[in-house]
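Since the structure of chain A is already known, use the hints to place chain B with the ligands on it.
As they're listed, the protein sequences go chains A and B. Just so you know, the UniProt record's numbering puts 31 at position 31 of the first sequence, and the rest follows in order with no gaps. Just so you know, the UniProt record's numbering puts 21 at position 21 of the second sequence, and the rest follows in order with no gaps.
Please note that a few of the clues may not be correct.
As the list claims (entries may be wrong) - Derived Cβ-Cβ restraints for the label pairs, each shown as a range: (1) A:Glu-119 <-> B:Glu-232: 34 to 42 Å; (2) B:Asp-70 <-> A:Glu-222: 36 to 44 Å; (3) B:Glu-232 <-> A:Lys-74: 35 to 43 Å; (4) B:Gly-64 <-> A:Gly-261: 24 to 32 Å; (5) B:Leu-271 <-> A:Asp-162: 49 to 57 Å; (6) A:Ala-259 <-> B:Lys-249: 16 to 24 Å; (7) A:Arg-210 <-> B:Lys-184: 31 to 39 Å; (8) A:Gly-227 <-> B:Leu-271: 34 to 42 Å; (9) B:Lys-249 <-> A:Gly-227: 33 to 41 Å; (10) A:Gln-234 <-> B:Glu-232: 32 to 40 Å.
Claimed, not checked - The calculated DMTMM-like cross-link candidates involving lysine to aspartate or glutamate, where the alpha carbons are at most 25 Å apart (straight line), are: (11) B:Lys-173 <-> A:Glu-144; (12) B:Lys-262 <-> A:Glu-220; (13) B:Lys-173 <-> A:Glu-220; (14) B:Lys-186 <-> B:Asp-228; (15) B:Lys-180 <-> B:Glu-156; (16) B:Lys-47 <-> A:Glu-144.
Bear in mind the hints are in silico, worked out from the structure with no lab data behind them. C-beta atoms are modelled at their ideal positions from N, C-alpha and C, and glycine is treated no differently.
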Amino acid sequence: MEIVFENVDFTYQPNSPFSHQALKNISLRIKHGDYAAFIGHTGSGKSTLLQHLNGILRPTSGTVRIGDFELTTKKNNAIKSLRRKVGVVFQYPEHQLFEETVERDILFGPKNFGMDMEEAKHKLPVILEEVGLPTDVLQRSPFELSGGQMRRVAIAGVLITDPNVLILDEPTAGLDPRGRKQIMSLIDSLHKKKRMTIILVTHHMEDVLRHANQAFVLSEGELVMQGEPVEVFQEEERLQDIGLGIPEELQLINQLQQALGLPITYHHQSPSELGKDIAQALHAGGNR
Amino acid sequence: MIEFNKVSYSYDKNRGNAVDELSLFIEQNEWIALIGHNGSGKSTVAKLMNGLLLPTEGNVSVSGLPLSEDTYWDIRKKVGMVFQNPENQFVGTTVMDDVAFGLENLGFPREEMVKRVASALKEVDMYAFKDQAPNRLSGGQKQRVAIAGILAIMPEVIIFDEASTMLDPNGKKELLETIKGLRKIKKMTIVYITHDLSEAAYADRIIVMNEGKQWMSGKPREVFQYRDELSEIGLEIPLISSIYSGMNKHGVKLEKEPLHMKELVDQLWKLSSKM
Ligand SMILES: Nc1ncnc2c1ncn2[C@@H]1O[C@H](COP(=O)(O)OP(=O)(O)O)[C@@H](O)[C@H]1O
Ligand SMILES: Nc1ncnc2c1ncn2[C@@H]1O[C@H](COP(=O)(O)OP(=O)(O)O)[C@@H](O)[C@H]1O
Ligand SMILES: [Mg+2]
Ligand SMILES: [Mg+2]
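This is chain A alone, in the form it adopts within the complex:
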């Protein structure tokens, strides 16, 4: 399902003293199977934009198209079938786990969408395996789980409706390094194996660089940059002006190029490989 925004504006509480325009004339396209990352400082409009993707919010003006669905200022009755196809894992999803058992939490979506419950239950083991949870968690209370496990439960609850698009709003916020790595590689495998379109919001620029193939930069409700992550991150100064940084390894490469004239480039090498590249460039320079 291709996602297209055409001149989308969104204003919270319009025609009131609290009116606030959170999205300004956004036009963009995310192709089927893309891994798109949205970056921008807090308040730049990322979550507002995501909520347009499954019809929680409707544009104040302009159009959002998701496959055959069209979201405009007018109400659309097909919204439930859209929500099945576009799964959203909200920020801190553990605050939205509320059922007594993990099983009931995961099955909340199917129930809500009026899906065949027997079939949904049948799928549980497969889904659990996909997100890397043991089957014995099903009868446990979601509150007994670790932060990383609760995130997986939330992702499982979205996957069970078999969406084509998976949206994740800061899915690794608050997780420790291991938890973060595991969630990022889970998303990678959903992207590759299930060919899902992934839309990720994150403050971790190195995750954008490593995992996404498209980056969209929001500032004050406007889409100010877009492109492949490596290209977008080349504009260090422009990003700095809007309060964003570039991944640390790219910062280092830039500084070494400028200060020492070392001919090092980024080619998705690991940190220790980058160290090796730097060592070799230094030795080559020294022998000249």
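Here is chain B with the ligands on its own, set in the frame of chain A:
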């Protein structure tokens, strides 16, 4: 300043100790980073430090005062705590009211209160915002106001329990700079809880927790030597340390292990000008 002597704490008898026979000592004016994976016991340790919890076994003391049912109230005044979510910490309608709240609770006379609030807000560089509504501030600014609220009570120790977790990269930087600034102007013991080791690099000493125990303690440079072992307990050394270890394996030796990018670039610059 803070001493734990074989301290254990258990939330639930059936599930073992969240903090397990932990002994540690934190000196006055030390900046400690307390790190460990989610669930390793950091917050429990923090709550034992300021008397929100009393140990199931062992003894805690803060500047010589043993923690007990009779003293926890006094200890809470000595040890202030800043939490993860700044939103939940606000009660006042203006920044100033908010900072005054803790003092009001302690029954401070009005005149003294006004003085303390003003000076605390100045210390975190938020005085200009004193009449604003706290909910209109950025995340980093909110945390600075929360810090001012603690400073006003004049504690000897401030604990930051993952206070940077919900902040964006700018907010994190702002928080760390604020702490650095405070340390320049006043004596203060800091316990900074995080699982981001590049933030822990700012501390004088790192205490690594694992499964309720102290797993290691040392200067950041010493701790970052243990990359593989840290990764086994769910932690990751800072990127710059990983890059340096790759360089090191390929024959680049620097005088001191770089903790930040600037330390790395500066030393490489020196090295290459000698080559
Ligand atoms: N329910 C709401 N009512 C009014 N303003 C809102 C609401 N939600 C968000 N905003 C405002 O809209 C802007 C964008 O917010 P958001 O989309 O949450 O940003 P981000 O996710 O990038 O941090 C911010 O200025 C925020 O204060
Ligand atoms: N209120 C509580 N009730 C029961 N168990 C708890 C409670 N708070 C923490 N725990 C358990 O204690 C252990 C340590 O938790 P905590 O101190 O919060 O770790 P950290 O702050 O390092 O993430 C974990 O196993 C956690 O599940
Ligand atoms: Mg958001
Ligand atoms: Mg904690």
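Verification of the supplied hints:
no.: 1; hint: A:Glu-119 <-> B:Glu-232: 34 to 42 Å; result: holds (41 Å)
no.: 2; hint: B:Asp-70 <-> A:Glu-222: 36 to 44 Å; result: violated (59 Å)
no.: 3; hint: B:Glu-232 <-> A:Lys-74: 35 to 43 Å; result: violated (56 Å)
no.: 4; hint: B:Gly-64 <-> A:Gly-261: 24 to 32 Å; result: violated (58 Å)
no.: 5; hint: B:Leu-271 <-> A:Asp-162: 49 to 57 Å; result: holds (56 Å)
no.: 6; hint: A:Ala-259 <-> B:Lys-249: 16 to 24 Å; result: holds (23 Å)
no.: 7; hint: A:Arg-210 <-> B:Lys-184: 31 to 39 Å; result: holds (37 Å)
no.: 8; hint: A:Gly-227 <-> B:Leu-271: 34 to 42 Å; result: holds (35 Å)
no.: 9; hint: B:Lys-249 <-> A:Gly-227: 33 to 41 Å; result: holds (35 Å)
no.: 10; hint: A:Gln-234 <-> B:Glu-232: 32 to 40 Å; result: holds (36 Å)
no.: 11; hint: B:Lys-173 <-> A:Glu-144; result: violated (33 Å)
no.: 12; hint: B:Lys-262 <-> A:Glu-220; result: violated (31 Å)
no.: 13; hint: B:Lys-173 <-> A:Glu-220; result: holds (21 Å)
no.: 14; hint: B:Lys-186 <-> B:Asp-228; result: violated (37 Å)
no.: 15; hint: B:Lys-180 <-> B:Glu-156; result: holds (16 Å)
no.: 16; hint: B:Lys-47 <-> A:Glu-144; result: holds (20 Å)
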